[in-house]
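Line order of the protein sequences matches chains X and W. Okay, so the first sequence: first residue is 37 according to the numbering used here, each after it adds one. Okay, so the second sequence: first residue is 761 according to the numbering used here, each after it adds one.
These aren't lab readings, by the way, just hints derived from the structure by calculation. Check before you lean on any hint, since a few could be wrong.
[What the hints assert, rightly or not] Taking lysine to aspartate or glutamate and the EDC-like style, the derived pairs with C-alpha atoms no more than 16 Å apart in a straight line are:
id: 1; chain 1: W; residue 1: Lys-1101; chain 2: X; residue 2: Asp-185
id: 2; chain 1: W; residue 1: Lys-1101; chain 2: W; residue 2: Asp-882
id: 3; chain 1: W; residue 1: Lys-1101; chain 2: W; residue 2: Glu-908
id: 4; chain 1: W; residue 1: Lys-1101; chain 2: X; residue 2: Glu-186
From a predicted model like this one, the values you see are computed outputs, not experimental measurements.
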Amino acid sequence: MSPTERSSSRGTLLLLLALIATAPARAEQAELPQVLLSRQLMEAEALSVGDVVELSADPSGAGARSFRIAGRYEPLPDPLLLAASRHEARLHLPDFLELTRVASDPSPDEAVSRISLLLADPEDAAAFAEDLGKRMPGLVAVPAGRAEDEHNPFVVLERFHLAISLITVFGSTAFLLALMVMRADERRETVGILRLIGFTRRRVLLEVFVEGLFVAVGGALFGVALAWTLEGAFNRFFQWHYDTPLVFVRVTGSIAWRCIAAAVPLGVLAGVVTSWTLLRRQVLELLRR
Amino acid sequence: MRAFAFAWRSLARQPARTVLALLGIAAVGALLFDMLLLSRGLVVSFSELLEETGFDVRVTATDSMPVTGPMILDAAAAARALEGLPEVEQASPLRVARAEARVEGGEPIELTLMGLGSNSRDLWTVVAGAPLPSETGWVVINDRLARELAVAPGDTLSLWDAGAPGSVATPAIDLRVAGIAEFAFDTRLERTAAVRLSDLSAVCALERAVAADVLLVASAAGSGPEQTVEAIRRLRPDLHAFSNVQLVNRFRAHDFSYFRQISVVLTTVTLSFAFLLITSLLTVSVNQRFAEVAALRAIGFSRARVVADLFCQSVLLVGGGGLVAIPLGAALAVWLDGILKSMAHIPVNLHFFVFQPRALVLHVALLGLVGMLAALYPIYLAARLPIAATLRNEVVS
């Protein structure tokens, strides 16, 4: 985490607290303040709902307070925290402020670093943020939706994956052309005979086109089906590896259509272009006479 | 005629298909090369950045990564104690805070403020002006901040705590700019300034002026970082010491693992893809040459010789394509690195694709292996070809 991120996350309600001691016995005292712990933290520390834990905002353990675990929760999956251990706790705001209060800090007790708003109309988020910024210059209001700026990690990763696909498409096109050249060469005499018995160039080319179309559509559909089949395996592996419910690979309808839209014309074009180089020749040349 | 020369002539006889096959192998090979560069690129680059600072051990309060966890509360005393160890040449506290800066009449600009112990060696490279003096009252800033504030060495800056919303504003402290520097971990959008720790305490009106995020330790001559780590752990078991290598290993296991996984997946896909394509290419080529192969066998070419010819064709195709793949992959790596580095919060000096001889050796070995495996099936077809039947079929057809 960079110092910038660190600063921006300082004082948020979701605070990583030092878990300094756990009491194995179940709490009998109902008056103890309650806390929710993340699934990852409870598993790491072998805790159960009802256990009593001591939390402190100080690494030395000073000022620790006892809390009863009221439940466990799954932290909101965040790709930016993919590699982080999600050892987190959620407290009621008054408990949090009490726990993190510094004696000499004159900040008011109800000071918070962030307020989340649920708008009546989420479409108004940008306009609302701008309006609030003008009315209350001390506040920074940011819409919670996905940032689309060019430096957003997800936008950048999308560009990276697109670049990788372009290289793959270039490589496979070269291979496809090489195979088509061979195939055209293999059918040289067949094409010569067809021409000799009266088939026009256009007719032969149409046949090649239709054949290429079938092969390209079949290949594209097979590719999409393969990706769809592997999707689950990829997701399960990465979800296990990073201990997250995040979805890493998703073959959407739009992606499948884009693949087919790129692969089919490319396949057909490769077949037609290589066949055309053959069809341009004289019939006798095709028959090696 | 030797097998290589014969294979070369076979390929040269059909230039179009050979060039296309080479292009295909070059593109796939370039992608493979890039994925090998990516698999360790971040780790190598991060390691180089850590080494650049001149400190080989980091000490923190908890096992959190430096500057992300709680602070060492008695940093000054801890640094003095560590400097008493024979394994330690220097121990310097480092604290990072958010601050705002302004020149007279200008707009305030938020920045990252680093505070270093007065005896510390620099964590930056000065590009204009002078290094940060050991006495207080001076600041070193990065180029972006210098441009935005329009200041040069010798000018005066006012700095104050950026504080969390709701905190009480602290009075501004005037500091003179000693120099403009390049900070190893600066991102493209980062505005950074460095001062002595006591100046940082004054700027941020810190209650715990002696606390630090991390202690940077340089091992004494003759003592390795691992020895230093052990000595620190013996002296202060309550602190957590990591050598640069240990830190890099932790990053490798967690923070950088996404790109390693991606590179492993893409390397596997690329190799499978290359195997399928080269096998198809050679198989179709052999199918077309059944008559030729049978004729060669009939005039006295041994089975081993035919196999050698096909093997050499595979070697020439994969070798030629693999050779073109290296400069092509290097060029693509620059392009892909540029794409990934446009991500926010990525230090300018950190690279995703880093060349290492190991990557080149792996590239050659993997492509060679794929070439050999891809040649197996077409070789099997050619070796088991019935000579008489094939020639008869050829004549009849």
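> When you check the alpha-carbon spacing of Lys-1101/W and Glu-908/W, does it fall within 16 Å?
Replying inline: violated, 22 Å
> Given the proposed pairing of Lys-1101/W with Glu-186/X, does the C-alpha separation stay at or below 16 Å?
Replying inline: Since the Cα atoms of Lys-1101/W and Glu-186/X sit roughly 11 Å apart, the hinted pair holds (cutoff 16 Å).
>> Check whether the Cα positions of Lys-1101/W and Asp-882/W lie no farther apart than 16 Å.
In response: Since the Cα atoms of Lys-1101/W and Asp-882/W sit roughly 26 Å apart, the hinted pair is violated (cutoff 16 Å).
> Is the Cα-Cα distance between Lys-1101/W and Asp-185/X 16 Å or less?
Replying inline: holds, 14 Å
When held up to the earlier numbered hints, the structure conflicts with 2, 3 and fits the remainder.
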